[in-house]
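From just these sequences and the hints, can you work out the full model?
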Amino acid sequence: EAGVAQSPRYKIIEKRQSVAFWCNPISGHATLYWYQQILGQGPKLLIQFQNNGVVDDSQLPKDRFSAERLKGVDSTLKIQPAKLEDSAVYLCASSSGTGYFGEQFFGPGTRLTVL
Amino acid sequence: GNSVTQMEGPVTLSEEAFLTINCTYTATGYPSLFWYVQYPGEGLQLLLKATKADDKGSNKGFEATYRKETTSFHLEKGSVQVSDSAVYFCALSDLDTGNQFYFGTGTSLTVIP
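Protein chains in written order, with the numbering used here: chain A, 1 to 115; chain S, 1001 to 1113.
None of these hints come from the bench; they were simulated from the model. Keep in mind the model is a prediction, meaning the values are calculated, not measured. Here a beta-carbon is modelled for each residue, glycine too, at the ideal position from N, C-alpha and C. Be aware that a few hints might be false.
[As the list claims (entries may be wrong)] Chain A is faced by these chain S residues, among others (derived, beta-carbon under 10 Å): (1) Phe1018; (2) Gly1043; (3) Lys1049; (4) Thr1070; (5) Cys1090; (6) Phe1103.
[To be verified] Here are the simulated DSSO-like cross-link-like pairs (lysine-lysine), alpha carbons at most 30 Å apart as the crow flies: (7) Lys1068(S) with Lys44(A); (8) Lys1052(S) with Lys44(A); (9) Lys11(A) with Lys71(A); (10) Lys1060(S) with Lys44(A); (11) Lys1056(S) with Lys1068(S); (12) Lys44(A) with Lys1056(S).
[Said to hold, decoys possible] Listing some non-contacts, in silico: residues in chain S with all C-beta distances to chain A over 10 Å: (13) Ala1053; (14) Phe1062; (15) Ala1091.
Here you go:
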């Protein structure tokens, strides 16, 4: 089966610019996650969707970050405006359930560099 | 709250050496525990998991046992190969906090021939 797809793989922007990342989860997976992975750290959950709805966005910096999942499939994560500290790899993952016993499948990530 | 603490790396071993990567956790509920691996240039992949105390997860020669009494989930392999060079992440998922995954900081392993 096809894995989680993400694009772009790399993005370099100036601070205060905007950027958007796209994720296509594994077909049929109801739950979708966005993580931020700063160099040398483990992934940190930004937002979790169950179908179209948001399950948890408590760690999403809502003043600059937004995410949506239209029709319960693809998702986009946007940063506007970007700051230097947003430089990180943004990972998308999906799972077939709510993840308690199940596995999360990760995409390759988008490496963002903010100059 | 929930958190995962991993031994710091990087770890460098010779081929066929024994590997242990320590992982301890704190959790408000009764979590499931996972080890994920990230090979160079690739995404995170599930290596193994355990969902209750004394369960042993195993895959590709790696093992980890869920120890509730010591809140640990140490990763072991008896004989590492060059192809095991990667970053290893310990993680937990806790139903009491909405099944969020909490990851450790990762341990980089390099195996030299």
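**Study point:** 10 Å Cβ clearance of Ala1053(S) from chain A
**Key:** Its Cβ never comes within 10 Å of chain A, the nearest being 15 Å, so this holds.
Check your understanding: Does Phe1062(S) really sit off the interface, with its C-beta more than 10 Å from all C-beta atoms of chain A?
Key -> The claim stands: Phe1062(S) keeps its Cβ more than 10 Å from every Cβ of chain A (closest is about 15 Å).
Check your understanding: Straight-line Cα separation of Lys44(A) and Lys1056(S) no greater than 30 Å?
Key -> holds (26 Å)
Exercise for review: Please work out if Lys1060(S) and Lys44(A) have their alpha carbons no farther apart than 30 Å.
Suggested key: holds (27 Å)
Check your understanding: Is it true that the CA of Lys1068(S) sits at most 30 Å from the CA of Lys44(A)?
Key -> holds (24 Å)
Point to revise | 30 Å limit on alpha-carbon distance, applied to hinted pair Lys1052(S) and Lys44(A) | key: holds (24 Å)
Point to revise | Hint validity - Cys1090(S) Cβ closer than 10 Å to any chain A Cβ | key: holds (8 Å)
Exercise for review: Could you check if Gly1043(S) really has its C-beta closer than 10 Å to a C-beta on chain A?
Suggested key: Since chain A brings a Cβ to about 4 Å from Gly1043(S), closer than 10 Å, the hint holds.
**Study point:** Interface hint compliance - Phe1018(S) to chain A, C-beta minimum distance less than 10 Å
**Key:** Result: violated, 25 Å to nearest chain A Cβ.
Check your understanding: For the hint on Thr1070(S), does the least C-beta distance to chain A fall short of 10 Å?
Key -> This interface hint is violated because 21 Å lies over the 10 Å limit.
Point to revise | 30 Å limit on alpha-carbon distance, applied to hinted pair Lys11(A) and Lys71(A) | key: holds (26 Å)
**Study point:** Satisfaction of the Phe1103(S) interface hint, Cβ to chain A closer than 10 Å
**Key:** Since the shortest Cβ distance to chain A is 3 Å, the answer is holds.
When the structure is compared with the earlier hints, violations turn up for hints 1, 4, 15 and for no others.
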